[in-house]
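Following the hints, put chains B and C in place on chain A, whose structure we already have.
Okay, here's what each chain looks like letter by letter:
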Amino acid sequence: MMTIADVALWLGKDDPYNLTDSDLAEVKEKLLELRPHIRKFWTTAGELANLFQSGEVVLAHAWPLTYTQLSEAEFPVGSVSPRGKLTGWTDSWMISKNSRNADAAYQWIDYILSGDGQKGVMDVTGYSGATTLGAEAIGSDRAKELYMDDLSLHSQINMWQSVKNYDQWVELWNEIRS
Amino acid sequence: MGTSAGSHSNSLVYLESVSKIYPTTAGEFYAVQNVTLEVKPGEFFSLLGSSGSGKTTTLRLIGGFEIPEYGQVFIGGEDVTEHPPYRRDVHTVFQSYALFPHLTVAENIAYPLRIAGLSRSNIAPRVQEALRMFRIPELGDRRPSQLSGGQQQRVALARALISRPKVLLLDEPLSALDAKIREEVRQELRELQRQTNLTFIYVTHDQEEALALSDRIAVMHQGRVEQIGTPEDIYTRPESLFVAQFIGKANFLTGQVMQLDAEMAIVMVNGIAVKAVAPKQVPSPGDWVTLMIRPERLQVGQSVKADNQVTGKTASVTYIGQRIESNVDTSLGQLTVTQLGGSATMGQEDVTLTWTAHDCIVIPSPPSSPVSSV
Amino acid sequence: MSSLSSSLTKRRSRFPVGLYASLLPPLVWMTLLYFVPIALLVSYSVWRLEAFDIVQEFTLKNFQTIVFSSAYRTVIVRTIGTALGVTLIDVAIALPLGYFITRYGGRYRPLLTILVILPLWSSYLVRVFAWKIILGYNGVLNTALLSLGVLQQPSQIFLYNQFSTTLTFVHIWLPFMILPVITAFERLPKDLIEASADLNAPPWTTFRRVMLPLVTPGILAGSINVFSLTMGDFITPSLVGSPSGIMLGNVISSQFGVSYNWPLGAAFSLVVMLIVFSGLAIVVRQGALENL
Chain A
2 MMTIADVALW LGKDDPYNLT DSDLAEVKEK LLELRPHIRK FWTTAGELAN
52 LFQSGEVVLA HAWPLTYTQL SEAEFPVGSV SPRGKLTGWT DSWMISKNSR
102 NADAAYQWID YILSGDGQKG VMDVTGYSGA TTLGAEAIGS DRAKELYMDD
152 LSLHSQINMW QSVKNYDQWV ELWNEIRS
Chain B
-6 MGTSAGSHSN SLVYLESVSK IYPTTAGEFY AVQNVTLEVK PGEFFSLLGS
44 SGSGKTTTLR LIGGFEIPEY GQVFIGGEDV TEHPPYRRDV HTVFQSYALF
94 PHLTVAENIA YPLRIAGLSR SNIAPRVQEA LRMFRIPELG DRRPSQLSGG
144 QQQRVALARA LISRPKVLLL DEPLSALDAK IREEVRQELR ELQRQTNLTF
194 IYVTHDQEEA LALSDRIAVM HQGRVEQIGT PEDIYTRPES LFVAQFIGKA
244 NFLTGQVMQL DAEMAIVMVN GIAVKAVAPK QVPSPGDWVT LMIRPERLQV
294 GQSVKADNQV TGKTASVTYI GQRIESNVDT SLGQLTVTQL GGSATMGQED
344 VTLTWTAHDC IVIPSPPSSP VSSV
Chain C
8 MSSLSSSLTK RRSRFPVGLY ASLLPPLVWM TLLYFVPIAL LVSYSVWRLE
58 AFDIVQEFTL KNFQTIVFSS AYRTVIVRTI GTALGVTLID VAIALPLGYF
108 ITRYGGRYRP LLTILVILPL WSSYLVRVFA WKIILGYNGV LNTALLSLGV
158 LQQPSQIFLY NQFSTTLTFV HIWLPFMILP VITAFERLPK DLIEASADLN
208 APPWTTFRRV MLPLVTPGIL AGSINVFSLT MGDFITPSLV GSPSGIMLGN
258 VISSQFGVSY NWPLGAAFSL VVMLIVFSGL AIVVRQGALE NL
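Here the protein sequences come in this chain order: A, B and C.
Counting in this note's numbering, the first sequence runs from 2 upward without gaps.
Counting in this note's numbering, the second sequence runs from -6 upward without gaps.
Counting in this note's numbering, the third sequence runs from 8 upward without gaps.
Next comes chain A alone, as it looks inside the complex (with noise of 0.2 Å):
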């Protein structure tokens, strides 16, 4: 789904999360017109990793997470991104508004934000995180390798929001598998 706001920005649409039907027809299409270069849409990470590796694939529109593990591989691989079009999700810890124990859970969001809980997530999850004190708590060099030395980049990316008419998303994603 986030192609679809990726391929609306490079049409240079303003907000990609907020598209009409005449800006989601521009985007099916692009897709359509790059489709016969598609190999594989690929579902998870790994499944992309092994793709390269494997050279089915040579050039993907992926996240920085596939090019860490392939580069820790020593994978040739290089990557690039389109200045100011960029799009993002950060995962989000939110409270229930009928939680029994509201300050245990914010206790656990504290602790999540400290620099050990972002450690922990970026140790496991080979993701990038997301406060200035996580970047601090795993080193200027693996902060660089994460794209966390300037986190004024936050600033620049699209990030993921709910969009309105989904369904049609939904069905134009379909369409360009089917």
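The hints are all genuine.
Negatives, chain B to chain C, calculated, CB over 10 Å:
| id | residue |
| --- | --- |
| 1 | G69 |
| 2 | G142 |
| 3 | R179 |
| 4 | A205 |
| 5 | L253 |
| 6 | D280 |
| 7 | E318 |
| 8 | V344 |
| 9 | P357 |
When the alpha-carbon atoms are kept at most 20 Å apart in a straight line, the in silico SDA-like pairs for lysine to any residue are as follows:
| id | chain 1 | residue 1 | chain 2 | residue 2 |
| --- | --- | --- | --- | --- |
| 10 | A | K41 | C | N168 |
| 11 | C | K139 | A | T44 |
| 12 | C | K197 | B | P137 |
| 13 | A | K29 | C | T81 |
| 14 | C | K139 | A | R40 |
| 15 | A | K41 | C | S162 |
A few chain C residues that face chain A, going by a derived Cβ cut-off under 10 Å, partial list only:
| id | residue |
| --- | --- |
| 16 | T72 |
| 17 | A78 |
| 18 | Q163 |
Source of the hints: derived by calculation from the structure; they are not laboratory data.
Glycine residues also receive a C-beta, built at the ideal position from the N, C-alpha and C atoms.
Same frame as chain A, but now just chains B and C:
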């Protein structure tokens, strides 16, 4: 091969020294061993034997379901030894009838005609005719599973006969039927064969069936043909001990040949001279032989025509409906006598038994083992 | 007197407690694991999704979406086409295989039958991945063709297309076709084949007129297996399929997953069930269930 076919030009089916061998863990098993027989056109020929005697295998060699390891099979003078079944002008009535369950009775009967490539318009009247002939005209649209055993048997016969093969092979076709209708169907079968003048080769383990139906019988035992002959030949003049024991009941006596000419033999049994008919394979004086006398050929009481006479005591009497079977202890050993029911001699303690030399058959015994009476 | 009257009263037949008691567990089982989920599926399919909330009001909107979207129609047609194709190919493989195993297998027949179903003992995913490894760019097939000099450089035509999807389906579902077919051939009485030959039918005619009609229930039983398994699968097309070759299973899994549109997913599931049951209905009339 051609010459042997030629020398049997009047035989329809000719087996020349055929052997069928199956490998077993213990080595080779001869299901059929060195069998030679010929069947003439229009003959009702039976292969008679107990299970494992090789009679069904012999039939399968003729039908083409087995290929013999040795020997040749000729049908109508042609060497068909290695021809598959579908290239032989021979049809079979299987023991199970083997009707096609997915076809109706009419379609089953029409099957060989359709294979032969006849048009539907030609087939239909012939199937109707066959249904009428076998008195099942109302069954044409039924499935085999809806038929009784007797009806299935008629369908199997109709199917096998409709394309008028040279030879019809029948593998125990009556064994699946009730005893009651078996005799009825047996008569019909004999009549059918006479009417159509087709050649039947009939496998059975039932000696009564073979004797009643056949023009000639081949008695088989352990893969070999023991004797080929008319029912009367087989019954009254068995050439081997096996045939004598297999067909009907008989008294067997063991003795030594004393005198011998072309027709008559005198054999000493327990010190008594018994006159008998000389066998085809003539033994020498001094040889041990077996004598066979059918129980119904023994006469109770004095008789001037008799060649042999012996006295004895009645040991037991068994009443079997229309006949009475008595065991009599004589100086020759115990003899079994059958008489028609109500005979006056019933219940006598001391009896005289007589028989003619003609009813006393000499069977050569294997030299090593004198056979005791059975 | 009393004995006379009792002999005149008809004995009441006993209530078959044992029968009902033994029927109860499967009935409970079927209700909980079959009828209830289907009822849930049907109710979801007539609800609708609105702003990430499932609105529990009757509507046929989901079915309209399925019918009027050209993309979804393409997916339905492709799925049915693939399932039919896979079924036909499996029949074409299973028939001669079943014939030769039962007719010429002899004492190796049980062994050969086990070899046929042996793949079932390995994981489904492993078998699908095996095809990825065989058909891939640096896969077994390409390597072999390169070393034989047939190809100058690896080809991409073997993987991620309709061919690889069909091939994988054909392979992984083949045991489900072969087993009923072998059973059907084994049940075929030998004397019927002999009778046909005896009535002068050459082998091919015997096969066509006697064997084929009698093993058809087995073929149909296998076809139900293969067709319904293919209709519902989403893993094979997503692992080895074409990027533009999703099947109904993928659509359903995405509706229940990333798209969070359970009503539409339920409606799609019902469409699959409808197609499978139509196939089943056609086949049951031919008596296939006796061989399942």
